[in-house]
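Engineer: Could you put together the complete structure from these sequences and hints?
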Amino acid sequence: MKVNLSVISYVAYLLVISTTSFLFYWVFKIWIAMGRFTAADAPPGDIGATEKVFYSFVIPIGYFAIMTLLSFVFRRYLIKYSVNLKTIFILAINVLITVYLIAQFTIFSFS
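So that you can map any letter, position 44 of the sequence shown is 44 in the UniProt record's numbering, and since no number is skipped, the others follow by simple counting.
The set of hints was computed from the structure by calculation and includes no laboratory data. Check each hint, because a few of them may be wrong.
[Stated by the list, open to error] Restraint-style ranges between C-beta atoms, simulated for each label pair:
1. Ser-82 x Ile-107: 41 to 47 Å
2. Ile-8 x Met-34: 15 to 21 Å
3. Val-16 x Gln-104: 16 to 22 Å
4. Thr-19 x Phe-72: 16 to 22 Å
5. Leu-14 x Ala-49: 33 to 39 Å
6. Ile-61 x Ile-8: 29 to 35 Å
7. Ala-33 x Tyr-10: 21 to 27 Å
8. Phe-110 x Phe-74: 31 to 37 Å
9. Val-7 x Val-27: 26 to 32 Å
10. Thr-50 x Tyr-81: 42 to 48 Å
11. Arg-76 x Met-34: 36 to 42 Å
12. Ser-111 x Asn-4: 41 to 47 Å
13. Met-34 x Val-99: 21 to 27 Å
14. Ala-33 x Ile-66: 19 to 25 Å
Glycine residues also receive a C-beta, built at the ideal position from the N, C-alpha and C atoms.
Structural biologist: Quick look at the structure:
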């Protein structure tokens, strides 16, 4: 059974981006929790609205930008080996991850 090199590159890309996103999610969730914990010790008692919006939207969108740029660098590198990673695939995966991060961080920040 012959495995196409393109399939391996898609699987490798998904594995790397899902692992990176998982680690980013947990590290940043701990960061938010630490901010909420220390803020509860003194007035006003919680993170402010600006921080909530920053954590919920700016950070995930920044993550999207960084991961998309790195993905295109990876794609450019693969072209040298005649492996084509579709642009739409990269954007779709990164948009899905970003929407997930926005939803999770919004729930966690505003709850």
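Engineer: Now look at each hint and say whether the structure bears it out.
Structural biologist: Here is how each hint holds up against the structure:
Separation of Ser-82 from Ile-107 is about 43 Å and conforms to the stated range, judged on CB atoms against 41 to 47 Å. About 39 Å separates the C-beta atoms of Ile-8 and Met-34, a value inconsistent with the hinted range of 15 to 21 Å. As the Cβ distance of Val-16 to Gln-104 is approximately 20 Å, the hint placing it in 16 to 22 Å holds. As the Cβ distance of Thr-19 to Phe-72 is approximately 19 Å, the hint placing it in 16 to 22 Å holds.
Evaluation of the 33 to 39 Å hint for Leu-14 and Ala-49 yields a pass: the beta carbon distance comes to about 36 Å. Checking the proposed 29 to 35 Å range against Ile-61 and Ile-8 shows it holds: the Cβ atoms sit about 30 Å from each other. The hint said 21 to 27 Å for the Cβ distance between Ala-33 and Tyr-10, and at roughly 34 Å that hint is violated. Phe-110 and Phe-74 have their C-beta atoms about 34 Å apart, which keeps the hinted 31 to 37 Å range intact.
Look at Val-7 against Val-27: about 31 Å separates their beta carbons, and that is inside 26 to 32 Å. Here the CB-CB span from Thr-50 to Tyr-81 is close to 46 Å, well matched to the stated 42 to 48 Å. Evaluation of the 36 to 42 Å hint for Arg-76 and Met-34 yields a pass: the beta carbon distance comes to about 37 Å. The hinted window of 41 to 47 Å between Ser-111 and Asn-4 holds, with their beta carbons roughly 45 Å apart.
Between Met-34 and Val-99 the beta carbons are some 25 Å apart, a value that agrees with the proposed interval 21 to 27 Å. A hinted range of 19 to 25 Å for the beta carbons of Ala-33 and Ile-66 is consistent with their spacing of about 23 Å.
Hints 2 and 7 from the list above are not met by this structure, while the remaining hints are.
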